[in-house]
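Under my numbering, residues 1 to 136 are what the sequence shown spells out, in order.
No lab work stands behind these hints, which were simulated from the structure alone.
Glycine included, every Cβ here is placed at the ideal spot set by N, Cα and C.
Any given hint could turn out to be false.
As the list claims (entries may be wrong) - With beta-carbon atoms standing in for the labels, derived distance ranges:
1) Gly121 - Val30: 35 to 41 Å
2) His135 - Tyr61: 14 to 20 Å
3) Trp106 - Trp86: 28 to 34 Å
4) Phe136 - Ala92: 26 to 32 Å
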Amino acid sequence: MSKKGIWLCAGLVLSAPALAASEESTDLAVGMAVDQQLSVVVELDNQYRFIIGNQGGAFDYIAKRGQFDTEEPIDWYVGVGGWGEWDGDFGARVPLGVSYQVSQGWQVYGQVHPELNMHKGWELEVGAALGAKYHF
1 MSKKGIWLCA GLVLSAPALA ASEESTDLAV GMAVDQQLSV VVELDNQYRF IIGNQGGAFD
61 YIAKRGQFDT EEPIDWYVGV GGWGEWDGDF GARVPLGVSY QVSQGWQVYG QVHPELNMHK
121 GWELEVGAAL GAKYHF
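All chains should be modelled from the sequences, with the hints used to inform the complete structure.
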């Protein structure tokens with residue numbers, strides 16, 4: 001198994017106890033994004049975001065959310081996460097984003113995420129994502 005697969009599996013295993021400990025019903029959102037190229041996004045409890053795409057996979061833990069002081073339903077968020085690409089690159093990232101409630105259940109989001117590429121040395125990079133999710 002490659003390093004990226006190990007990081008992705010570790011993220012899933014480490015987040016499983018937190019998800020299992022929740023006594024409330026899980027808030028589930030599913031959507032599409034341009035993150036790891038064209039990607040499928042699954043978000044649980046507005047906090048755990050899993051991304052699998054053509055270029056690789058990522059996991060983000062949304063640590064803090066807030067609202068802008070406007071009449072529009074625009075929220076901001078910041079998190080921590082990890083990513084891996086099918087070609088072997090992997091690293092950590094810090095998603096900084098905004099989301100907009102389009103209609104009941106539908107939400108669009110955009111984010112930038114400074115990345116630390118740890119494959120073959122340390123390299124700082126900047127990534128971005130744009131997506132849409134439906135909340136069940």
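A quick look at each hint next to the structure:
| no. | hint | in the structure |
| --- | --- | --- |
| 1 | Gly121 - Val30: 35 to 41 Å | holds, 36 Å |
| 2 | His135 - Tyr61: 14 to 20 Å | holds, 18 Å |
| 3 | Trp106 - Trp86: 28 to 34 Å | holds, 30 Å |
| 4 | Phe136 - Ala92: 26 to 32 Å | holds, 30 Å |
No hint from the list above goes unmet by this structure.
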